[in-house]
Structures are given as structure tokens and as C-alpha cells.
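Asks: Here is how the chains run, residue by residue.
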Amino acid sequence: MFASHLQPNLSPDTVEKVPTRNGYGEGLLEAGRRDERIVALCCDLTESTRTDQFANEFPDRFIQVGVAEQSMASVGSGMAAMGKIPFIASYAMFSPGRNWEQIRTTIAYNNSNVKIIGAHAGVSVGPDGATHQAIEDMAIMRVVPNMIVINPADVHEARKAILAVAKHEGPAYLRFGRSGTPVVTTTESPFEIGKAERMYSRDESYEKKVGIVVTGSLLFNALMAAKELNENGIGASVLHMATIKPLDGEALEAFASEHGALVTVEEHQVAGGLAGAVAEHLAETIPTKIARIGVRDSFGESGEPDELIEHFGMGIGSIVEAAKKLV
Amino acid sequence: MQYLTSKEVLSLELKANSIRQSIIEMLTEAGSGHTAGPLGMADVFTLLYFGILKHDPKNPDWKERDRVILSNGHICPVLYATLAHSGYFPVEELLTLRKFGSRLQGHPHKGALPGIENSSGPLGSGLSQAVGMSLAERIDNPYSSKFFYCLTGDGELNEGQIWEALMLAGKENLNNLIMIVDRNGIQIDGYTKNVMPLEPLAEKFESFNFDVQEVDGHSMRAMNDAIGKAQAVYSQPSVIIAHTIASKGVDVFERDFRWHGNPPGKGPEDRVPKGEQAAVALKKLRTLADTIEAQDS
Chain A
1 MFASHLQPNL
11 SPDTVEKVPT
21 RNGYGEGLLE
31 AGRRDERIVA
41 LCCDLTESTR
51 TDQFANEFPD
61 RFIQVGVAEQ
71 SMASVGSGMA
81 AMGKIPFIAS
91 YAMFSPGRNW
101 EQIRTTIAYN
111 NSNVKIIGAH
121 AGVSVGPDGA
131 THQAIEDMAI
141 MRVVPNMIVI
151 NPADVHEARK
161 AILAVAKHEG
171 PAYLRFGRSG
181 TPVVTTTESP
191 FEIGKAERMY
201 SRDESYEKKV
211 GIVVTGSLLF
221 NALMAAKELN
231 ENGIGASVLH
241 MATIKPLDGE
251 ALEAFASEHG
261 ALVTVEEHQV
271 AGGLAGAVAE
281 HLAETIPTKI
291 ARIGVRDSFG
301 ESGEPDELIE
311 HFGMGIGSIV
321 EAAKKLV
Chain B
1 MQYLTSKEVL
11 SLELKANSIR
21 QSIIEMLTEA
31 GSGHTAGPLG
41 MADVFTLLYF
51 GILKHDPKNP
61 DWKERDRVIL
71 SNGHICPVLY
81 ATLAHSGYFP
91 VEELLTLRKF
101 GSRLQGHPHK
111 GALPGIENSS
121 GPLGSGLSQA
131 VGMSLAERID
141 NPYSSKFFYC
151 LTGDGELNEG
161 QIWEALMLAG
171 KENLNNLIMI
181 VDRNGIQIDG
191 YTKNVMPLEP
201 LAEKFESFNF
211 DVQEVDGHSM
221 RAMNDAIGKA
231 QAVYSQPSVI
241 IAHTIASKGV
251 DVFERDFRWH
261 GNPPGKGPED
271 RVPKGEQAAV
281 ALKKLRTLAD
291 TIEAQDS
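Quick note, the sequences are listed as chains A and B, same order.
Position 196 of the first sequence, counted from 1, bears residue number 196 in the working numbering, the numbering being contiguous throughout.
Position 247 of the second sequence, counted from 1, bears residue number 247 in the working numbering, the numbering being contiguous throughout.
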């Protein structure tokens, strides 16, 4: 059963698709209106990262850094040192991809109140190809002390995540996608930093059961897979972990205990991201069999978002197959 | 701009000498760390903290203070020694440099020690942070008289991020930003002109919309005048290329790039044997102090 707060009648044919980056734009503007300490920085990608709405309304609080991601990270740190709350935006491939050391030293080690916005994450960037498809970003950010890592599922969650990190004191990384992402949650759905949400609950009458742990843009695929599994005699549930760090260990342990076996689903390398975080946590608490859905140690390539998701084994059918093998 | 009397100059020189002695002592005790840069920049740091800055060592978080952003974090012994001599923390604590549990980390950590404005070590990021601070200040107070002094090395200018930051500072006309380059001509692998030539450096800065001055970094009066002029520039950021001598004050260490990353006791042996390096350095500095004191009386 779908969680009651989700969109009604979710199905591939009717689901609305909106880029999660739109949620950044809306959330930033809203947060900026509430708190004048908020400033936005961008590297020549103002429209594309959806920083433009904020920039238009608050031109004095917007810094156009030019194509200089390394400097942007440290400029953000400097502004935070003076009491500002900088949101620094570029494509995830360049920030945190190119400027990881500046983020580590001048934002995380300084414990600066800087929010790092990585747009165009995942292979669903599409035609731009592998150079622009960040599928390692969660891994490199998850290992940095003081850093929070959030991967919102859709436009509503993206907006809520921005409002939440604006109030949170300390560094945070948030990743967003380029292409239309199925709108699964509603404005009423709960969001809290560090809290996983059960989005689908299994049919408890089945003996066979499996848990699907998903993060970000693939939540819809995970939900559709769970629905199909439940229609075919397998009790599948979905736990959405929008926050990769800090990981909601309590929810994860309960989910693992309940289901016995898990499938992790992420638009990211299967190494180091959600699967890595889940496996590390459960290895120390409740050792659990895990099948990992994601990109398997390869680069992306050009194509349409949906065909790339299918090609790299992250479609609904792939999740169903992985789950069936586990039970 | 405040004129320095001869008496004030001698007093600053004597203070710089004490700071150099502390640098030798702390590096020797640590058994690792950088010697050339800290000794070379002791005059500039002394002038800043004892002659220029609006600051309050007893209230290091005072909001109206000027900011010193050390970009080349490896010369932190001179920052630590100057902070201690200014009263930010006890001078005795200098001997904990680089030791386990110390607030004096091998490279500076913001928050670990009063007076440290930024973490640094990986080169090239301090200038961007200073630019960010200056931008933030301008949003809050366009007519601020707060200054942001960013100290960089010259080898550090090899970093691409420096030029990213220069572009932004020049574009934004950040008149409260004063960059001071330690132009000692050396870096780890040799002379800067061989490792990566920088000249014509002044022209490069000028082309990035900076007001540029080239000054003897060991002349208190010249540096004081230059900083005063930089403060008076109202339409663009400033850079002072401070020509310094690596390891200044200990003639047998001076100008030798092999002293960049070695402490006394582990430096090149052709002029002083390792075992005598610390004692020789301290003796030379004390002799120099006597000379300064003699002029003062």
C-alpha cells in the first residue's frame, strides 16, 4: 500500500514529471524571503540551476562567480564566516566534482554554514553525456566530516529540503536532477533531515518479503516495482532515504529486520553511495543480504533519460528482477 | 596613514626579532615544519598586529575587527607566534606546535585557536575566502572601514584558484581587500623563476583591476606606508608585493629554498651542522636584537 500522503493513483502513464531543480529554485526564493542572511552564488549556470528566481528578486544578495567552481566554494566559506548563509550552485560534476578539496578544507573543516547545490546529477542528465553525469557525488561527499548529504525524490521534497537546510546550521550537500522526475510526494508529505520515510508497505499476508531502500529520483521506479511485486505474491515495501548522511540507522535496522533482504536503488554508482551507506551500517548491526541497483563501475553516455535509466539497469523491471532473486 | 617614528620602527623591529626567536624555538621543539616563510614574513606580521589592525586579542570574536586571512597556511608558525605575542594565548603554548592535542595544528584550523580566521594549508583558497568575507561585508555595510588582509605566498600563485579569486575581486571592485604577497622567490622545489615563472607579476595584478605596490617587506616604514595607501584606494582591490628574504634574520639560512620545509636541526648542512642550527639561529637573532636595542638607546 502506498503511503497515504503520496500522490493518488500513481502510474507510469499518468504521473506528472517535474525536474527536482525546480524545487531548489522555489525553496531558495522562499527561504531567501524569510531570512535575509541567505545569499546565492552561481557559476554561470543561473537559469539552468534555477538560481535565477532568487537572483532576480535579490540582486544584491546574488554573486555571479563566473565559471570558477573552486573559488565559489571558498568564497561561500568566506561569506559564511561573516554570518551569511550561502547557497552555492553548479552542476554536481563541477561542484562537488571539481572543487572537492575546497569543500573539504574551507567548508567542512571550517564547519561553514554553506549549502552546496549539485544540479544535473545522475545519468538522467541525458544527451550531454558522461562528462556531465555525476554518479559519484554522493560517495565523495558522504565521507567528508560535518557534511550532510540529501538526495530529494521530487520537486516537493526538493523544496522542503532547501527550507530545512536553510535552518540547519552547518554544511550540507543536496543533489538535484535535470530532467523531469516523477512527482510522487505532495506538499503535505513529511520531510525531516536525517529521517527515512516508509513510502510503501507490503501485503503482510505473503510469506515472501523484500525491502526496497531507495534514494532520490528513482523513488517512483521503486514504488512501481513494489506494487508489481505485491501483485505477484511478494510482499515488498519501500523505504525512502532522502538523507544519505546522517543515515537513519534506526529506521534502516527495523526495515532490515522486518524484511530479511534488501534491494538498494540509486541513480549513482553502486559503490560508495546509498548502497555503501546501507551495507556499512547493516554490516555492523544486522547483517543483511543486499542487491544493489545503480550504475556498476562504468561511466554514463548520451541518450534520453528514460532509455539511460533502463540501459544502466535502474528501471522498474530491473528492480523487480533483483527483488525476485533475493526471495 | 600613520607615520612611524624612529622609535616605533625600532620597537617593531625588536618585536619581530622576538617573534623570530619564538619561531625558531617552536619549530625546533616540533621537529618539523617550515622555516623560510615564517622568518621572512615576521616583519609583515609584526607590523600588522602591532601597528595596523583594528583588533582585540582579549575579544578575538569582536565583530568590528579587521580580518587576517592566511592563505599559505604552512607559514602558520609566524601567525601563531604573532598571535601569542599579541596576547591571544600564552606564549608558552607555542612549544606545543604540531604535537598531539595541541591547538596549534600543523596547518591552521579555524576554531581551534583564538585569532584564526580560516583553515588553510592546501594552497590558493585563502584569497577566495577573503573575497567572500569582503563581499559579505559590503552587503551589510557598503561604507565599511573594515579591512580584509589576505596573505599569500608567491609559489602559491601557481594555483589556478588564485586567479579565479583575483578575477572576482577585480570585477567586484573590492576596495576593502588588501592582498599581501610574500615575494621571497622560493618554493619547495627551487626558485620560483625556475619552478613556474611569475613575472611580470605586477602587470598581471594590474590587468586584473588591482592597485599594485611593490615594497621591501622588511622595511616597517615602507610597508606601513604601502598599507596606508592600499587602505586609501576606494575603487578597486589592492595588492602589495612584499619583497622578502626567505629565512630573514638568520643570515646562514637566508635565500636558500632548502629551508622552505625544514625546521632547525633538519635543514641543509653546508653552512651549519644540523645539531647546531637552532642554537646558531637563536644566537644570531639575539645579536641582532642587541644591535636594534643599541640604536634605540
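Note that these hints are calculated values from the structure, not bench results.
Wrong hints could be hidden among the right ones.
[Said to hold, decoys possible] Calculated pairs, PhoX-like style, for lysine-lysine (alpha carbon to alpha carbon, straight line, at most 25 Å): (1) A:K325 x A:K208; (2) B:K63 x A:K245; (3) B:K63 x A:K167.
[Said to hold, decoys possible] Sample of chain B residues facing chain A (criterion: CB under 7 Å; computed from the structure): (4) G106; (5) K110; (6) S119; (7) P122; (8) S125; (9) S128; (10) Q129; (11) V131; (12) M133; (13) A136; (14) E137; (15) Q161; (16) E164; (17) A165.
[Unchecked claim] Rough simulated footprint, nothing fancy, chain B against chain A, three-plus residues with beta-carbon under 8 Å: (18) 59–70; (19) 74–87; (20) 106–113.
For every residue, glycine included, the Cβ atom is placed at its ideal position computed from N, Cα and C.
Asks: Give a verdict on every hint.
Replies: For each hint, the structure was consulted:
1. A:K325 x A:K208: holds, 11 Å
2. B:K63 x A:K245: Judged against 25 Å, a Cα distance of about 33 Å means the pair is violated.
3. B:K63 x A:K167: holds, 22 Å
4. G106: Where the cut-off is 7 Å and the nearest Cβ of chain A is about 13 Å from B:G106, the hint is violated.
5. K110: Holds - the Cβ of B:K110 comes within 7 Å of chain A, reaching about 5 Å at its closest.
6. S119: holds, 5 Å
7. P122: Constraint on B:P122 satisfied, holds at 5 Å.
8. S125: holds, 4 Å
9. S128: holds, 3 Å
10. Q129: For B:Q129, the interface hint holds, since the closest Cβ of chain A sits about 4 Å away, which is under 7 Å.
11. V131: Nearest chain A Cβ about 5 Å off; hint holds.
12. M133: This hint holds: B:M133 lies near chain A, its Cβ roughly 4 Å from the closest one there, short of 7 Å.
13. A136: holds, 4 Å
14. E137: holds, 6 Å
15. Q161: holds, 4 Å
16. E164: holds, 4 Å
17. A165: holds, 5 Å
18. 59–70: Per the Cβ count (7), the hint holds.
19. 74–87: It holds: at least three residues are needed, and the region 74–87 of chain A offers 12 whose Cβ sits within less than 8 Å of chain B.
20. 106–113: holds (count 4)
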